[in-house]
Amino acid sequence: DRVLHIVPKTFQQVQQVQHLCNTLLLDLWKPLLPEDIWAGEDVHVRVPAPLVQEVKDRLDEHRISYDILKQDVQTLVDQSVPRVGGSSRQGPAGYNYTQYHPMEEIYQWMTQIREGNSELVTQHDLGKTIENRTIYYLQISQPSNKNKKIIWMDCGIHAREWISPAFCQWFVKEILQNYKSDPKISRFLQNLDLYILPVLNVDGYIYSWEKERLWRKNRSPYMNGTCYGTDLNRNFNSSWGTIGVSYNCSSNIFCGSGPESEPETRAVAQFIERRKEDIVCYLTIHSYGQYILTPYGSTTKPPSNNEELLQVAEKAAAALMGKYGTSYKVGSTSSILYNNSGSSRDWAHMIGIPFSYTFELRDKGSYGFVLPEDQIEPTCEETM
Amino acid sequence: IPGVGHKYYLQFTTEDYRSRENVGSCLATVLFEKGNSPPAVTINCADTKDEKQIQEEDNAFYQKLKQQTKPIVANDIPDSYGNIEPAFEPVWALAVVGSSKIMWEKSTENLSYSMAQVKSAKQWIRQDDFIEFDYTVLLHEIPTQEMISCHLRVIWLPGHPLKVKYFCASDNQWFEETSGMESGSAAGILQEKEEN
Chain G
1 DRVLHIVPKT
11 FQQVQQVQHL
21 CNTLLLDLWK
31 PLLPEDIWAG
41 EDVHVRVPAP
51 LVQEVKDRLD
61 EHRISYDILK
71 QDVQTLVDQS
81 VPRVGGSSRQ
91 GPAGYNYTQY
101 HPMEEIYQWM
111 TQIREGNSEL
121 VTQHDLGKTI
131 ENRTIYYLQI
141 SQPSNKNKKI
151 IWMDCGIHAR
161 EWISPAFCQW
171 FVKEILQNYK
181 SDPKISRFLQ
191 NLDLYILPVL
201 NVDGYIYSWE
211 KERLWRKNRS
221 PYMNGTCYGT
231 DLNRNFNSSW
241 GTIGVSYNCS
251 SNIFCGSGPE
261 SEPETRAVAQ
271 FIERRKEDIV
281 CYLTIHSYGQ
291 YILTPYGSTT
301 KPPSNNEELL
311 QVAEKAAAAL
321 MGKYGTSYKV
331 GSTSSILYNN
341 SGSSRDWAHM
351 IGIPFSYTFE
361 LRDKGSYGFV
371 LPEDQIEPTC
381 EETM
Chain Y
1 IPGVGHKYYL
11 QFTTEDYRSR
21 ENVGSCLATV
31 LFEKGNSPPA
41 VTINCADTKD
51 EKQIQEEDNA
61 FYQKLKQQTK
71 PIVANDIPDS
81 YGNIEPAFEP
91 VWALAVVGSS
101 KIMWEKSTEN
111 LSYSMAQVKS
121 AKQWIRQDDF
131 IEFDYTVLLH
141 EIPTQEMISC
151 HLRVIWLPGH
161 PLKVKYFCAS
171 DNQWFEETSG
181 MESGSAAGIL
191 QEKEEN
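Sequence lines, in order, name chains G and Y. Residues in the first sequence are numbered consecutively from 1, following the UniProt record's numbering. Residues in the second sequence are numbered consecutively from 1, following the UniProt record's numbering.
Bound-form chain G, shown alone (with noise of 0.2 Å):
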């Protein structure tokens, strides 16, 4: 379908144009009725695709201008929103949490953070992604001679969703910077190691900065490079390929040609499994909606320990509403969203990790994904 748009320069022109849109049945958008059309006044006229040609035909015929009404938008607004700051590469101290970072930037986060936190951070390689990158986490680790439990995170395993990355790279902040002034997270980290992973999805990562804001999957190629991209939180081996997927890979919810066919997905699989004996709590972040998710999506089929699992959900849920009044539900996500196979929460407590949640942060649809960088700190804030 296009629509056109008509300028009739004389009256007959007005006659030609109105004699078209009559006996081809077009659809007016401007103005409504035929009868409105008058000569060096603007027409546009949405014309089905089988009869482009026809119109265009008949326009020309009769010497009639017109032109495709493109979206040939032109942006009023700067596009180089002023990110006073971001650019800035001091070292944490001079890092503006506040706003969105590239990849680039986060990587260079990282060796910051792990330079100035040698006592306490180091940084590891989980693996690469498809396009090579290399995959990094963050180990917050009190020297000590006890065997300590680990609470991993995983944030950015779906690209667009901006608010995760900057919500682990905050988390880390202030774990850092308050470890020895804060009771309450220097008991922490004398039980506890904290493995951090701010970016999983790297590769789409990127890509949602550089060519589609909101691009979701990883950038894996498929059918000769005609097709892109497995969602990552499809591709677990939690009865994979079974319910809210698509085999096909076109669709944002593409499971993968098969259970932990993606490298990423077998980075974070692969460690996990080897560390599980360890690992008390699996959190994974993603945005939007407000939820703390339990297990299961796949089946409504409750947790062996679900009571236990929801309990500890709306304690974290009503401290959260405690800091701004923003409300999570907290449900397992078959009961609540919407079924799902192949997730990577589903399968850290398949494989024995207790504590196995899925945070879906701000907002409930008004931004959505694009979240707007002033409520960085309000978001992150509240889930700390």
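These are computed hints drawn from the structure, not numbers from a lab. Even for Gly, the Cβ is constructed at its ideal location relative to N, Cα and C. One should not assume that every hint holds.
Stated by the list, open to error - Computed list of lysine-lysine pairs in DSS-like fashion (alpha-carbon distance at most 25 Å, straight line):
#1 G:Lys9 to Y:Lys70
#2 Y:Lys49 to Y:Lys163
#3 G:Lys364 to Y:Lys70
#4 Y:Lys7 to G:Lys329
What the hints assert, rightly or not - Residues from chain G shown here face chain Y by an in silico Cβ test under 10 Å; the list is partial:
#5 Lys30
#6 Arg46
#7 Glu54
#8 Lys364
#9 Leu371
Using the hints, position chain Y against chain G.
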């Protein structure tokens, strides 16, 4: 209801799209019958927001837009960082109302939508009093997670029903809708929040 379909009873509050303040509460029933017909809906709402205030806000909006001598043209509202230029807020607001018509028609028992972003907006200056905008909007579809691109044309005058024409990338036909009952209000935009 065996043999007929599914009936839902809803109780929910509505909030202003931008300020998130509570503006009313509603009771509704929605009956999805087997087959693809749109559901039968009964609804009753009690608005807590002041009618007069809504009218004033609408008129202020309208005046701002009418003062334009050059047609407004913009894209990516909000931008990648979530920013909306204050000057473009009413443009965005009008797109939200127009999109809500699309979403009302497209939603099914299994598919829901929210407006993710205005990809482009172009104003058509009219000789009469109406405000007219052409939009490309992206609708986020759940649970497929797809972004549906829709072309939307909105014609508005405060106190009059909003006239909406649209087609979405996946549609094979165009839709035209005039909101019959309520006048489209770009200022008091509502987003339903399900409580039950």
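**Q.** Unmet hints by their number, sorted upward, for this structure
**A.** 3, 7
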